[in-house]
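Chemist: Below, each chain spelled out in residue letters.
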Amino acid sequence: MTDRDTAFAEYFAARSDAMRGTAFLLCGDWHRAEDLTQTAFTKLYLAWNRVSRHEVLDGYLRRTLVRTYLDERRLGWWRRVRTSDTPPEPPTVDTGPEERVAVLAALSAVPARQRAVLILRYWEDLSVEETAELLGCSAGTVKSQAARGLQTLRARLSPTFTTD
Amino acid sequence: MDELEFRASLRDALDHTTAPPSMPPGGALQAGRRAARRRTLATGAAGAGVLAIVTALGLVVATAGSGAQQAAGPGAPSPVPLASGNGPSANGTPSPVPIGIGGETKPVWPTGVDGSPQGDRTARAGRKADAAKALAAHVISLVPAGYTAVPDAPMNIVQAQFEDKVGGQDRWSYLVTLEIRKGATAGQLIVEVYEPGLRPGAGLCDLIFWSAPGTCTTVQSGGQTVALSTGSKTDDRLDKWSTYRYPDGTTVYVAQSRQGNFTPENTAPPLTDLPFDDQRLAALALDQAFHIVA
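Protein chains in written order, with this note's numbering: chain A, -4 to 159; chain B, 2 to 295.
FYI, nobody ran anything at the bench for these hints, they're computed from the structure. Do not take every clue at face value.
To be verified - Below, a sample of chain B positions facing chain A; criterion: calculated Cβ distance under 10 Å: (1) P21; (2) L30; (3) A154; (4) V167; (5) G169; (6) H292; (7) I293.
As the structure is a computational prediction, the values presented were derived from the model and not from experiment. Cβ atoms here follow ideal geometry from the backbone N, Cα and C, with glycine treated the same way.
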């Protein structure tokens, strides 16, 4: 195994779960999340020699993941590339409190780009400026997209969160 | 739901959703190697293709010199110019250019004041940015008596943004949102100007602003036709706006909202009355200060 392969495998073992969690929040499906994660890591592998420091690796991977997700939405489901012939083991769906399911369901109703803004801002903890840079838009757009995304979530979740 | 609740909900949802087993590094490594091999093969094939084209061109040039050009006749197709790498794409968006390994592309934004491409769509200095600032100053001057402008409100927007290339020219939009107050209530004035070619459409009511209006009618103001639109049930951000398109294609939207801003943190009660009546709102769309030529 080459040095690149060794370093890549170590990095994958350390970061793939977290990245897959982000992908799951973006797309709401573990199978698709694994495909997105695999695609992002494959692109990272190709660029490995250019992207060496780990703080840069994280940023590169996150950017690739989100852009792959948005590109996939634009191209349509039927043009997605399967990265593996073997589907992952079926996920176990936790039948937790209603709110947990409701949040994920509500998130799926938020338009893709707004969802990406919400996840980058409030899950990945990126600043407005970092989010804008990653998505190639202005800080004002990030703010308005975040506000609209939260507004949609609030509207969807209002029956769940209403207290008597 | 605010940001903190949303963040906590995401964490809670992920914590209580059992993920599939971790992905094995071996599979990722194999996929990476396969992609690297494909790229190497593709690069080799592309190189061979270029060689073939160069060879073919050499043959064409050689045969043209020997009279083959005349043999093509008047019905032969005209030569198609080669596309330049950084030209506008068919839909006018900035053309993506490759930035190296992996085939990743990124858009090329207009040149900024420092002579290098901007980092994103927004101009932060220079005449475009100055035009947006001038627009904001003018919007503040329009706030009617009884209302107070809040120029330093955190959610105000003053922005010049590259939109597209039209006919080979960079075209920009300018957006100003200004929070206004009347007593304890808050609302907004919003002006957005699009440079020529960005808002084509048969009629003024076809020019969608932030979303499709609930209603749209055209009125006469100062001898010009202006559209007056109202918000819809599905989008309550804007209550009423006017639209005017100059003969050169510059399109102006002047909107008013009862909401101080559109964030969940906005707790100010909404305006009970809108600052401008229909007549004034229509006239504002014709305000020459909004006819930006920057």
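Chemist: Should the hint that B/L30 touches chain A count as held when the rule is a Cβ pair under 10 Å?
Modeler: holds (6 Å)
Chemist: Please verify that hint: B/H292, Cβ, nearest Cβ of chain A, below 10 Å or not.
Modeler: violated (23 Å)
Chemist: Any CB of chain A closer than 10 Å to the CB of B/I293?
Modeler: At 18 Å from the nearest chain A Cβ, B/I293 fails the 10 Å test, so the hint is violated.
Chemist: Have a go at the B/V167 hint: is there a Cβ in chain A nearer than 10 Å to its own Cβ?
Modeler: violated (20 Å)
Chemist: Hint check: is the beta carbon of B/P21 less than 10 Å from a beta carbon of chain A?
Modeler: holds (4 Å)
Chemist: Next item in the hint list is B/G169. Is there a CB on chain A closer than 10 Å to its CB?
Modeler: Violated - the Cβ of B/G169 stays beyond 10 Å from chain A, reaching only about 22 Å at its closest.
Chemist: For the hint on B/A154, does the least C-beta distance to chain A fall short of 10 Å?
Modeler: violated (12 Å)
Hint violations for this structure: numbers 3, 4, 5, 6, 7, all remaining hints satisfied.
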